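Engineer: Can you make the complete structure from the sequences, with help from the hints?
Order-wise, the sequence lines are chains A and B. The numbering used here puts the first residue of the first sequence at 1, with every later residue one more than the last. The numbering used here puts the first residue of the second sequence at 322, with every later residue one more than the last.
Bear in mind the hints are in silico, worked out from the structure with no lab data behind them. Treat the hints with care, as some may be off.
Once the Cα atoms are required to be at most 30 Å apart in a straight line, the calculated BS3-like pairs of lysine-lysine come out as [unchecked claim]: (1) B:476 - B:454; (2) A:21 - B:426; (3) B:454 - A:21; (4) B:454 - B:505; (5) B:426 - B:476; (6) B:476 - A:21; (7) B:426 - B:454; (8) B:476 - B:505; (9) B:426 - B:505.
Short derived list, chain B residues pointing at chain A, Cβ under 10 Å [said to hold, decoys possible]: (10) 399; (11) 400; (12) 423; (13) 475.
Please read these numbers as outputs of a predicted model, since none were measured by experiment. Cβ atoms here follow ideal geometry from the backbone N, Cα and C, with glycine treated the same way.
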Amino acid sequence: MARSKVREGSPWTGLWAVVFKEMADHLTSARMLILQALTLITAVGTVYAAASNLRDTVAQDRFLLLRLFTTAQQPLPAFVGFLAFLVPLIAIALAFDAVNGEFNQHTMARLLAQPIYRDALLFGKFLAGLFTLALVLTTIWLLIVGMGLVGLGVPPGGEEVARSLWFLVLTVFYGGVWLALALVFSITFRQPATAALASIAVWLFFTVFWGIIVDLLAQFLRPVRIGLPSEYLAQGQLALMLSRLSPNTLYSEAILAMLNPAVRSLGFVLPIQLDGAILGAPLPLDQSLALIWPHFTGLVAVTILLFALGYTLFQRQEIRA
Amino acid sequence: MAADVVIESHGLTKHYNSFVAVDNLNLTVRHGEVFGLLGPNGAGKTTTILMLLGLTEPTAGSVRVLGLDPARQPLSVKSRVGYLPELLGFYNGLTAYENLIYTAKLNGLRRDEAHERILSALAQVGLEEVVEKPVGTFSRGMRQRLGVADVLIKKPQLIIMDEPTQGLDPEAARDFLGIIRRLKADGITVLLSSHLLHQVQAVCDRVGLFYRGRMVLEGTVEELARRVLGGAYRIQVEAEGPASLEEALRRVRGVVNVTRPGETLYELETEYDLRPEAARAVVEAGGKLLSLKVEQPSLDDVYTRYFEQEGKHG
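Structural biologist: Given below as structure tokens:
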């Protein structure tokens with residue numbers, strides 16, 4: 001008998017069966033309905049407020065559609081502000097019981113006794129989460145564009161649509177980070193509640209505490225001793241670099257540049273560097289993209305790293321409970 | 322390898338760190354057999370099953386299932402072998418049909434083909450009435466039968482069941498044993514593990530006794546009984562008579578052992594059915610024969626006796 005060293009067949013055998021089953025589960029689950037309703041209410045509320053605000057004040061704006069996402073009307077924050085909160089929650093809700101749930105229902109042994117590899121199961125679950133997230137966000141995006149058309153009566157320009165689509169893509173990939181994180185915890189912890197709490201703890205850490213820690217670290221590592229501008233600059237640059245380790249910072253900077261064409265830089269700009277620039281003039285789309293490209297690749301890289309970690313852990317896991 | 326060998330392992334060994342779960346196992350199961358793996362919990366039955374399916378890699382030794390290597394060709398093995406795990410779970414929110422559709426799709430079946438196979442599999446295990454009911458409402462026995470339907474979808478040549486009748490009420494267990502017999506009649510080889518001995522005895526053609534990761538005994542129940550009990554038959558003689566009766570019975574040719582559980586009760590372990598000889602011995606010794614019964618040795622006796630002997634030696 002020939003004994004080959006490689007595994008037979010494709011690791012993706014059965015991938016789509018897993019994806020469709022998981023998506024069907026997600027889209028019918030009570031958990032998703034609640035989160036969808038929450039996102040929908042947020043979208044309608046903030047965009048309605050923004051639209052009424054925009055009608056009164058900046059009717060000559062070139063980028064009205066984008067303003068719908070970013071305009072805050074007291075006491076409501078802007079839609080993007082809400083989204084930075086909601087997307088991680090939705091992503092975590094989609095994945096925190098992905099693997100341990102199969103163990104707890106005793107379906108894992110039966111599932112892996114089917115002619116598929118573990119690769120297909122794990123990647124299928126991740127993809128299903130990502131597609132579900134994309135589906136939900138696209139629905140809301142379309143709703144907002146529609147509301148903008150009705151509320152403002154101005155059709156959006158091509159560049160506006162392109163920018164808001166990029167915003168959509170960035171948001172989905174931002175969700176991918178939290179999806180991969182929750183997936184890792186669903187492999188590590190046998191109890192879904194523990195996995196959910198761990199994911200939310202990481203999210204809280206980056207949302208609330210990371211900013212404080214960054215400030216303290218920057219003050220400690222780059223202290224301002226005699227008050228030179230270069231000292232302040234060094235401290236500020238370190239703080240910025242550290243804060244960009246958080247996916248939240250990467251996401252908020254990226255959508256800021258994407259939704260506000262007037263943003264020309266996401267770092268520190270010295271007066272010398274502004275020589276000859278017309279302040280407030282919008283950047284073309286490709287320049288804005290070039291500005292956020294490191295952020296985008298950063299988000300994707302974190303997702304891939306987390307998924308790879310989960311993959312390694314899952315491959316080594318014993319099936320017997 | 323002979324053409325009719327379904328499972329063959331040589332020196333199969335599995336270590337979990339320093340713990341030896343399966344030690345140098347040589348197992349052969351032939352086509353159309355129902356083979357029972359017996360043994361106390363933790364004897365290595367489940368680990369053996371997982372290695373047969375390629376769900377755990379062996380530390381040493383070789384194993385062939387249907388002529389394939391489960392570690393290198395897991396997809397081919399798993400598409401031909403059905404597995405009923407000890408803890409059998411389904412998605413409770415989905416119906417029986419939806420649960421099986423998922424299995425069918427994972428096996429790469431087309432929708433119309435899957436539909437046909439699911440309905441016939443459910444009919445085969447008597448669940449055609451509850452096709453559209455959520456599995457959450459099913460009893461333990463129904464779930465177990467759904468598990469069989471689930472493996473039948475891939476039209477397996479071999480079905481491996483881990484403790485299939487555990488936790489079933491007597492009637493459900495009897496039904497389930499009937500299903501196993503029908504699978505055998507359909508030409509499917511069955512390997513099952515259990516510690517419920519009378520059920521194993523009822524369906525298995527051959528059994529293997531596991532103890533501490535080793536297969537210590539293998540054969541038909543009669544063979545094991547002859548080897549472990551020394552005699553394959555047990556005759557109960559109820560007789561009144563002189564004290565020499567026990568001695569008289571002991572002298573009958575072919576009697577291995579005589580015990581006296583009651584005043585008028587004698588139990589004979591014999592190599593053959595010695596009822597006429599025993600009756601004659603009672604009468605010749607001047608006793609009054611009240612009743613004479615023969616019972617086949619049960620696997621329980623084999624099991625108990627084996628571990629008694631092991632206890633004495635070890």
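Engineer: All the hints need checking, so say for each whether the structure fits it.
Structural biologist: Hints, verified against the model:
1. B:476 - B:454: holds (24 Å)
2. A:21 - B:426: OK: residue 21 (chain A) and residue 426 (chain B) at ~10 Å, within 30 Å.
3. B:454 - A:21: This hinted pair holds, its Cα atoms lying about 18 Å apart.
4. B:454 - B:505: Distance ~29 Å between residue 454 (chain B) and residue 505 (chain B) Cα, so the pair holds.
5. B:426 - B:476: holds (14 Å)
6. B:476 - A:21: holds (22 Å)
7. B:426 - B:454: holds (20 Å)
8. B:476 - B:505: holds (13 Å)
9. B:426 - B:505: Judged against 30 Å, a Cα distance of about 26 Å means the pair holds.
10. 399: holds (4 Å)
11. 400: With Cβ-Cβ at 4 Å, under 10 Å, it holds.
12. 423: holds (5 Å)
13. 475: With Cβ-Cβ at 8 Å, under 10 Å, it holds.
The structure meets every hint from the earlier list without exception.
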